[in-house]
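S.K.: Required output: the full structure, derived from the provided sequences and hints.
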Amino acid sequence: MQLAINAVILAVAFTVVTRLVQFRKAPINRFIKKWRFLTNGFKLGAPTSEQEVAALRNHDVKDTRSYSHPELLTRNEVESRFNENSWQGLAYQDFRNTILARGRGTKTFPCVYATMGYRSDDHRYVFLESDNPSEPRNVRKVALSLASYLRISTSLGPNTSLVIIGTPSEKQRTVEEHNRTFWDMLRGLRICDPKAWPDDIPQDTEDAKWTVCFNGEPVFPVMLTPAHQKRWSRHMSVPVIALQPKWVLDNLLGTPEKQKAAQNKVRKLLQKYDTIGVSPDLTAYGAVGTSEARQLCLQDKNESVQCPYRNFDS
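If you want the working numbering, it's the position in the sequence shown, counting the first as 1, plus 457.
Just so you know, the hints here were simulated from the structure itself, not pulled from any lab data. Among the hints, erroneous ones may be present.
What follows is a set of in silico ranges between Cβ atoms, one per label pair, in the way DEER data are often shown [as the list claims (entries may be wrong)]:
id : residue 1 : residue 2 : range
1  : Arg559    : Glu536    : 13 to 23 Å
2  : Gln716    : Asp657    : 32 to 42 Å
3  : Trp704    : Arg553    : 19 to 29 Å
4  : Thr712    : Asn542    : 40 to 50 Å
Backbone N, C-alpha and C define an ideal beta-carbon position, used for all residues, glycine too.
M.R.: This is the structure we're talking about:
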């Protein structure tokens, strides 16, 4: 009898310990199957169909209302709207815990400016309907939210970002596959952009002066994925796109002294945070022989990423 009781106790203890070890992964995994039916968007690497292009072009972004867009959420709105065990709550917690990591047994998140933006509540959040940002429904949601965000961004603080969060992935994707969804999303945004490309920004993605533009404004988006296992500075438990208006970077890097100080600070933290060397593509904007396109989606190895679109209007 005593042996049976001891066996039960050991089994319960083992189960509890196992669940504690897996507590971060288990809740998100519970939601993966629920999103199987949400895979009716772009196929990875497939050219955009004429019907999809027409649908995006007919979508009017000009009618957004900057202060009342329901998808553009503050930190408090995210925390009050979503249960902490929902996929949105879990993904947000992972983002928050990652960028707030600092010393004392944990590595400090390298982008200290993103951390400051979170602490000052300058960020705004958008949750997608699947793990593929290039699906037409997600492109439309991002376009509406981004148009609203850009109208109010200068009132939010010097370290503001728009944080675009995808659902947990049912299918394990490579870094390259995640990156392709990012490029295709940018192509979709360009299709439904209500404004012409700025005259002073080249459209050739290999040009040193090229940068992403939307609604007439230059922006800097980067892709973070679950597939990054060495470059942890680009890792999140779900696909995340963090986007900043270019004026944020201009303020941070506006003089050679500011640029050098910021780059040195971030590079030192990257060397400690990642298990791979700092990417050679993290260069100063406009440097001869470089392209900002190579910085937006870094690989998990030190090889340059080539944008599949030489011109987002072509």
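S.K.: Hint by hint, note whether the structure agrees.
M.R.: Tested hints:
1. Arg559 - Glu536: 13 to 23 Å: Once the Cβ atoms are compared, 20 Å apart, the range 13 to 23 Å for Glu536 and Arg559 holds.
2. Gln716 - Asp657: 32 to 42 Å: violated (20 Å)
3. Trp704 - Arg553: 19 to 29 Å: Given about 25 Å between the Cβ atoms, the range holds.
4. Thr712 - Asn542: 40 to 50 Å: holds (46 Å)
Hint violations for this structure: number 2 only, all remaining hints satisfied.
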